[in-house]
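Using the sequences provided together with the hints, build the complete structure.
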Amino acid sequence: MLPRTIALVDDDPEYSEFLAQHLRGRGVEVQLYADSSDLLAAGSPYLYEFYVVDLMLPGVDGVELIRILRKRTDAGVLVVSGRLGAEVFADVVNAGADMYLMKPVTFEQVELAVRAVHRRIVTTAKTATAWKVDAVRSTLTTPDGQVVDLNATDLSLMQCFLEAGGAVVARDLLSERLGIAAAGDSANNLHATIYRLRRRIERATPLAVPLQSQQRVGYVFKAPLVSA
Amino acid sequence: MPTEANPAFGADDGWHRPDRLSQLFSATPLMTAYVDEARVVRMASRAWCEWFASTVAEAIGKDYASTVGAGRFERHRRHLELAQRGVEISFEDELADGLGTTRWCRVHLAPADSAADAAAPCGVMIVMIEFTGERVRSELIVRQREQLFEQLREQQRSEQVQAELEKTRTLLDWRTTMLTERNEMLHLLSHEIRQPLNNASAAMQATMKAIEDLHIAESTPASSALARAENVLGQVIGTLDNTLAAGTILAFGEAALETSDTDLPVLIRLVLADIAADARHRIVLQFGTDTRTVRLHPTLMRLTLRNLLNNALAYSPGDSPIHLKVSELEDPLAIVIDVVDSGSGIPDELRPRLFEKGARGANSRMRSGAGLGLFIAHSVMKMHRGSIEALPNAPQGTIVRVTLPQGLAD
Numbered sequence: 025m026l027p028r029t030i031a032l033v034d035d036d037p038e039y040s041e042f043l044a045q046h047l048r049g050r051g052v053e054v055q056l057y058a059d060s061s062d063l064l065a066a067g068s069p070y071l072y073e074f075y076v077v078d079l080m081l082p083g084v085d086g087v088e089l090i091r092i093l094r095k096r097t098d099a100g101v102l103v104v105s106g107r108l109g110a111e112v113f114a115d116v117v118n119a120g121a122d123m124y125l126m127k128p129v130t131f132e133q134v135e136l137a138v139r140a141v142h143r144r145i146v147t148t149a150k151t152a153t154a155w156k157v158d159a160v161r162s163t164l165t166t167p168d169g170q171v172v173d174l175n176a177t178d179l180s181l182m183q184c185f186l187e188a189g190g191a192v193v194a195r196d197l198l199s200e201r202l203g204i205a206a207a208g209d210s211a212n213n214l215h216a217t218i219y220r221l222r223r224r225i226e227r228a229t230p231l232a233v234p235l236q237s238q239q240r241v242g243y244v245f246k247a248p249l250v251s252a
Numbered sequence: 008m009p010t011e012a013n014p015a016f017g018a019d020d021g022w023h024r025p026d027r028l029s030q031l032f033s034a035t036p037l038m039t040a041y042v043d044e045a046r047v048v049r050m051a052s053r054a055w056c057e058w059f060a061s062t063v064a065e066a067i068g069k070d071y072a073s074t075v076g077a078g079r080f081e082r083h084r085r086h087l088e089l090a091q092r093g094v095e096i097s098f099e100d101e102l103a104d105g106l107g108t109t110r111w112c113r114v115h116l117a118p119a120d121s122a123a124d125a126a127a128p129c130g131v132m133i134v135m136i137e138f139t140g141e142r143v144r145s146e147l148i149v150r151q152r153e154q155l156f157e158q159l160r161e162q163q164r165s166e167q168v169q170a171e172l173e174k175t176r177t178l179l180d181w182r183t184t185m186l187t188e189r190n191e192m193l194h195l196l197s198h199e200i201r202q203p204l205n206n207a208s209a210a211m212q213a214t215m216k217a218i219e220d221l222h223i224a225e226s227t228p229a230s231s232a233l234a235r236a237e238n239v240l241g242q243v244i245g246t247l248d249n250t251l252a253a254g255t256i257l258a259f260g261e262a263a264l265e266t267s268d269t270d271l272p273v274l275i276r277l278v279l280a281d282i283a284a285d286a287r288h289r290i291v292l293q294f295g296t297d298t299r300t301v302r303l304h305p306t307l308m309r310l311t312l313r314n315l316l317n318n319a320l321a322y323s324p325g326d327s328p329i330h331l332k333v334s335e336l337e338d339p340l341a342i343v344i345d346v347v348d349s350g351s352g353i354p355d356e357l358r359p360r361l362f363e364k365g366a367r368g369a370n371s372r373m374r375s376g377a378g379l380g381l382f383i384a385h386s387v388m389k390m391h392r393g394s395i396e397a398l399p400n401a402p403q404g405t406i407v408r409v410t411l412p413q414g415l416a417d
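Chains as they are written, first to last, in the numbering used here: chain A, 25 to 252; chain B, 8 to 417.
Keep in mind that a hint or two might mislead.
Covered stretches of chain A (chain B as the covering partner; in silico rule of three or more C-beta atoms under 8 Å from a C-beta of chain B) [stated by the list, open to error]:
no. : stretch
1   : 113-124
2   : 128-141
Just a few of them, taken from the derived set where beta-carbon distance is under 7 Å, the chain A residues facing chain B [as the list claims (entries may be wrong)]:
no. : residue
3   : Glu38
4   : Tyr39
5   : Tyr219
6   : Arg223
7   : Glu226
8   : Arg227
Stretches of chain B that chain A covers, calculated by requiring three or more beta carbons in the stretch to come under 8 Å of a beta carbon on chain A [unchecked claim]:
no. : stretch
9   : 222-229
10  : 270-281
11  : 403-415
Read the hints as simulated data drawn from the structure, not as lab findings. For every residue, glycine included, the Cβ atom is placed at its ideal position computed from N, Cα and C.
So, in structure tokens, the structure goes:
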């Protein structure tokens, strides 16, 4: 699944031109911006369905651009950059990018990443059908109708996300509510519990599971979630 | 002792009677004494007697040796014998009091009877002058001089240390400059070289696509030449990626590692697209789990898996399949990825340093590469708190197994 429109923000004209050509060949409407300020100054900079962004840009720096975009849009953001360094990846993820691809990449790889990110967004955050938590039966129903059994801990977890209404739940709060360790190497710590629950859901449905971690902060359920 | 009247004493000879002389002698504050030719103390001052812890009454008429003590006499004997033979002499003597301090005095011995027969011993006049104060002062001065010298030496030493430090600092500055230059060069490589390579690769892809779209049968040689060129480019890019990763990301160590929730099937498809197009078909993907979201560092894992696959492709027969198997562990929670080949296996001599920088197999079909692939894979797995191992694959070949722990705190 490809988005209908993509803003491609990259100051390397050859690369952008070739990539745009490739994506247009797939039926995507691509607008090129060599300078991030050009995008921000454009008529409707936040209406694209997808953004492919380089980090080293004239105008507003790539990481900053992602941060700005994230304030206004839930569209997919893919970073394709040659920038190296340990801090880069963390910066990009913390700023709100959905995926980071290190150059050099082929157009197939960019296309593949765009498809994967876009599909995840469309099937989670932008889905019309909500995920349903049934406290009585202790189940979670996926938008495609699969029913996942929840144990007591999983149910408390899902209730936390229900109450949060799409906001990030701090991991300290989660571990307190669940009565388990927030960290440590215990097999039953919060991270292991979430990993197991997500895995259980992934076994039941091919849909992307909107249970996402926010580095060092907590977890968020990034999709409509209702109580059945 | 002369007994007849001496005209020098005058008419009144009462004042120089021996007892009067002895009394006068003993009253002097000087330390002085007279011993006769037989070394018997004939006259002695109180001060002299006190030096030897004796009294005038005790000392007079006694042997010199018994007054000064046997040990001390041994030290005096040589000097006394010389003086008794007419030589005026002086020497130093010391006296330890009971409190552990020492007093010093200079002992002057003067032959008393110059007229005596040179062969026969004569009496000796003894005068002792204490110089303990002087001696202590001079010792103090010597000590102070030594202390001053020591301070001077200390200062010189610290100046030397300072100079050494200065040298080390200069070296460190130089090293920092070199490291900065090295990093700048790595960044130059990473951006100024890889980007154009990327563009060249893009141009080739576009050309191939254009040729393909023409649907001309004669274009096959051109297409395959382009495909080969792109493979070469891919190898150069791969080597550059490894070199840069070894020089930058890995140099920061585990502390810098940031993992994220990653879709493993997507990551693996990205990795497969990194593999040369004409070798890709040899890779057989086997998913033994439905788990898709895995916590890892996607850029480093992409590089790691690419390295493992390229190794397997290079070290096994040209048409043999390479299996990429994904499975999972329950306790402890982990994702396991096996890269299985049916090559000739890892030579024993390579095994101990398999994951070290520069380790390369002799039977590689791929001539490029700096032996960084497994080193990077090993470093990346360490950063993930995971593991990598090379196991034998029966009946032949190798299984390289990476284990990525899951459910860890970040």
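Going through the hints against the structure:
no., hint, result
1, 113-124, "holds (count 5)"
2, 128-141, "holds (count 9)"
3, Glu38, "5 Å, holds"
4, Tyr39, "5 Å, holds"
5, Tyr219, "4 Å, holds"
6, Arg223, "5 Å, holds"
7, Glu226, "5 Å, holds"
8, Arg227, "4 Å, holds"
9, 222-229, "violated (count 0)"
10, 270-281, "holds (count 6)"
11, 403-415, "holds (count 3)"
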